[in-house]
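Peer 1: Produce the entire structure from the sequences given, and follow the hints as far as they go.
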Amino acid sequence: MSEVAHYPARPQLEDISQRLLREAVPNPSPVLEDLVRRGFEQKLAELYEIFQQGECSLGYLAEQLDISSWEAIRLLEARGLRTTNL
Amino acid sequence: MLELVFDTNALITCCQATTQDGPAIESVLEVCVLRVPMAVHQEVLAARAMFRDARLTDRIIGEGRIEVIPTSLPPDNVLDHYRLGSGEKESIALFLDQADELDFLVTDDRLAYVVSQRCGIPCYLFLDMVIELVERKLWRRALAEGVVKAAQHRFSGGFVPHTLTILKTGDRRCLK
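Protein chains in written order, with my numbering: chain A, 1 to 86; chain B, 1 to 176.
Please note: incorrect hints may appear among the correct ones.
Stated by the list, open to error - According to the in silico footprint, chain A covers these stretches of chain B (three or more CB under 8 Å from chain A): (1) 43-54; (2) 72-80; (3) 108-119; (4) 152-163.
In short, the hints are calculated from the structure, not lab data. This structure is a prediction, so every number in the text was calculated from the model and none was measured. Virtual Cβ for every residue (Gly too), placed ideally from N, Cα, C.
Peer 2: See the structure below:
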């Protein structure tokens, strides 16, 4: 029997956006946190669209979000999105 | 032994897929020499604290069983005009640097696959590498089928059934 290795749903989008924000701003306000989370989500949606069209690679998507490809895959998996553009 | 370059995408597919024989990466390393560029290693280092499969890869690299090769890209090269990440670009550059010693490059990214082909690189999807290993009698068919099923969540539509049919019939055309 083969098995698919399952991983925790983390990292969630919110975890990543907050980590990136706190690297830049030590004590962000809740408003700033919300704006960054929404901005991150919007950017992910835009990148995912061109990724699925084969116009960018997974590595490019990850670099534009300042995360690794491994983290990008877990982020997409946690949101029920495809992790390759094949 | 086949000598291959893996980009991050293929490395992730290979390290995620686990069968009763263990992680697919271990079965690949029994019959292949793997090389990755520094940028792919950097991504492993960034992810190892968070993900079990990245930790596995980091351990294998630390044991010297995957070779990490420093690779440089000239400024303003043609690859910079594509929306590729550093790992994909360095994987292509690594293959071109060492093409005489290598069999093919493995990627699971559509753009990296197309650009590699345009650079004259023999480029395989992970699933096609699995077929190749069976055709060269380096892997048992049962192992290959297990790995394909374990990796199926990474692929859309026809890729997995096509691969399983090729493995069963030994015919890539599969239309008879």
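Peer 1: Check each numbered hint against the structure and report the violated ones by number, ascending.
Peer 2: Failing hint: just 2.
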